[in-house]
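Participant: One-letter residues, chain by chain:
Protein chains: 2
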Amino acid sequence: MTESFKKTVLGLQDNTEVLQRIGDRLADRFAGIFAAETVERYVFESYTALARTAKISTYLPSTTEHFATDRLNALAKSKGAVESEVPEVLFVCVQNSGRSQLAAALLNVEAKGRIRVRSAGSLPAGALDPNVIEAMAEMGLNLSNIYPKPLTDDVVRASDVVITMGCGDSCPIYPGKRYEDWNLTDPSGQPLETVRIIRDEIHHRVRKLYAELTASSPCSP
Amino acid sequence: MTESFKKTVLGLQDNTEVLQRIGDRLADRFAGIFAAETVERYVFESYTALARTAKISTYLPSTTEHFATDRLNALAKSKGAVESEVPEVLFVCVQNSGRSQLAAALLNVEAKGRIRVRSAGSLPAGALDPNVIEAMAEMGLNLSNIYPKPLTDDVVRASDVVITMGCGDSCPIYPGKRYEDWNLTDPSGQPLETVRIIRDEIHHRVRKLYAELTASSPCSP
Numbered sequence: 001m002t003e004s005f006k007k008t009v010l011g012l013q014d015n016t017e018v019l020q021r022i023g024d025r026l027a028d029r030f031a032g033i034f035a036a037e038t039v040e041r042y043v044f045e046s047y048t049a050l051a052r053t054a055k056i057s058t059y060l061p062s063t064t065e066h067f068a069t070d071r072l073n074a075l076a077k078s079k080g081a082v083e084s085e086v087p088e089v090l091f092v093c094v095q096n097s098g099r100s101q102l103a104a105a106l107l108n109v110e111a112k113g114r115i116r117v118r119s120a121g122s123l124p125a126g127a128l129d130p131n132v133i134e135a136m137a138e139m140g141l142n143l144s145n146i147y148p149k150p151l152t153d154d155v156v157r158a159s160d161v162v163i164t165m166g167c168g169d170s171c172p173i174y175p176g177k178r179y180e181d182w183n184l185t186d187p188s189g190q191p192l193e194t195v196r197i198i199r200d201e202i203h204h205r206v207r208k209l210y211a212e213l214t215a216s217s218p219c220s221p
Numbered sequence: 222m223t224e225s226f227k228k229t230v231l232g233l234q235d236n237t238e239v240l241q242r243i244g245d246r247l248a249d250r251f252a253g254i255f256a257a258e259t260v261e262r263y264v265f266e267s268y269t270a271l272a273r274t275a276k277i278s279t280y281l282p283s284t285t286e287h288f289a290t291d292r293l294n295a296l297a298k299s300k301g302a303v304e305s306e307v308p309e310v311l312f313v314c315v316q317n318s319g320r321s322q323l324a325a326a327l328l329n330v331e332a333k334g335r336i337r338v339r340s341a342g343s344l345p346a347g348a349l350d351p352n353v354i355e356a357m358a359e360m361g362l363n364l365s366n367i368y369p370k371p372l373t374d375d376v377v378r379a380s381d382v383v384i385t386m387g388c389g390d391s392c393p394i395y396p397g398k399r400y401e402d403w404n405l406t407d408p409s410g411q412p413l414e415t416v417r418i419i420r421d422e423i424h425h426r427v428r429k430l431y432a433e434l435t436a437s438s439p440c441s442p
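Protein chains in written order, with the numbering used here: chain Y, 1 to 221; chain U, 222 to 442.
Pulled out of the complex, with its shape left as it was, chain Y reads as follows (with noise of 0.2 Å):
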């Protein structure tokens, strides 16, 4: 390698000490389940395909480590290595930013834990949707920490069901999964009163949802 390679790059940020440090973490965290190569390109990986979109990097060692982790665990349960004792629910729309993460939200508060949700986008935006925070500040949600993700083939795996959300065939197919087209009005750029009306929307049909995967789970009480 000549000394033009060797340009090193001031005032950009090399994270990758940060991130060897969370893959080290979650290689103790699924020692047994997965070689430590694997972890680190989740780790690797999960990171890259984060920053390839998200409006502010500050966070990003911190979501990376979170959505590694995740999606670890949802690799674990597909391939039999954990149990997962709750049905689990992923929600697909475009830029996860708005439809899919106003679902994985009212879920999460309809189910208390009874269900697993996940969401994620095809395309996915720089950040949540500013009227679609609003619209769930409003019900005393706080979606501050949540952030877009690209849809990911191990959290598909791990669903029992798949709600896609106007991203088209983005979404692999497995057999043995509940799969379901939700047909909403997209809540990016729509003023807060038009964000309301989709989120009572999605209400509604959360909540049908939540009732038949409860009333015929061995798992409800």
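Heads up, a few of these hints could be off.
Said to hold, decoys possible - Selected chain Y positions facing chain U (Cβ under 7 Å, derived; list incomplete):
#1 E45
#2 A51
#3 S122
#4 I173
#5 P175
As the list claims (entries may be wrong) - Okay, derived cross-link-like pairs now, BS3-like style, lysine-lysine, Cα gap no bigger than 30 Å in a straight line:
#6 K55(Y) x K276(U)
#7 K429(U) x K333(U)
#8 K298(U) x K333(U)
#9 K79(Y) x K300(U)
#10 K300(U) x K333(U)
#11 K208(Y) x K77(Y)
If you are wondering where the hints come from, they were derived from the structure by calculation, not from laboratory data. All figures in this text were calculated on a predicted structure; none of them were measured in a lab. Here a beta-carbon is modelled for each residue, glycine too, at the ideal position from N, C-alpha and C.
Assemble chain U onto chain Y, guided by the hints.
Facilitator: This is chain U only, laid out in the frame that chain Y set:
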């Protein structure tokens, strides 16, 4: 699991078996370098990453095999598991449908195998821009088998030079690489005459880059 979870979707494609076969082939090819678990994850996550944005899903299994193979080659190189005789250059733009594809195609023409060239996007488009395909066809280059790909950690790690074009801070920073940002007009949606001007500007920069890389490279003849 209840019956409602077992509802299988009709009319949607389950590519699990074909992806599994791709995984088996690549696990053989990378035996001794990567665990079969890592290779399988690469294949399925590469598929999902491409499916998120691909406009035409017909060729997805074959583009998945191509993308996963290239990513595993990049990772093998960055781990020192395989030797690279030539410098590796990565072009990153937003959609990987115009600027970075033009740059990659033109550098490939200049370098004739003496540089390994890749491209990627922070928010990949569904397909290449038609006028970009046309502007390259005028130079005798066929881009019809080229597809937009999301930026991944592995290809950044493998690269000696990373050229970004309008994609902000979306690219991970590693020490010891040469990073450059090229300020270019985005050809997306531009008329053919404008795309030709952008193509020629990129060609000029690519020639200069090639001259720099080969002037001092121990790999030059």
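Participant: All the hints need checking, so say for each whether the structure fits it.
Facilitator: Evaluated hints:
With a least beta-carbon distance of about 5 Å to chain U, the hint placing E45(Y) at the interface is held under the 7 Å criterion. Because the closest C-beta pair between A51(Y) and chain U is about 6 Å apart, less than 7 Å, the hint holds. Because the closest C-beta pair between S122(Y) and chain U is about 4 Å apart, less than 7 Å, the hint holds. Using the Cβ-Cβ criterion of 7 Å, the hint placing I173(Y) at the interface with chain U is satisfied: the shortest such distance is roughly 5 Å.
Interface restraint check: P175(Y) against chain U, minimum CB-CB distance 5 Å, threshold 7 Å, status holds. About 26 Å separates the Cα atoms of K55(Y) and K276(U), which keeps this hinted pair within 30 Å; it holds. For a cut-off of 30 Å, the pair hint linking K429(U) to K333(U) stands: about 15 Å separates their Cα positions. This hinted pair checks out: K298(U) and K333(U) have alpha carbons roughly 20 Å apart, not beyond 30 Å.
Among the hinted pairs, K79(Y) with K300(U) is consistent with the structure: their alpha-carbon atoms are about 27 Å apart, no more than 30 Å. As the CA atoms of K300(U) and K333(U) are separated by approximately 25 Å, the hinted pair is consistent with the 30 Å bound. Annotation: proposed proximity of K208(Y) to K77(Y) holds, straight-line Cα distance about 26 Å (limit 30 Å).
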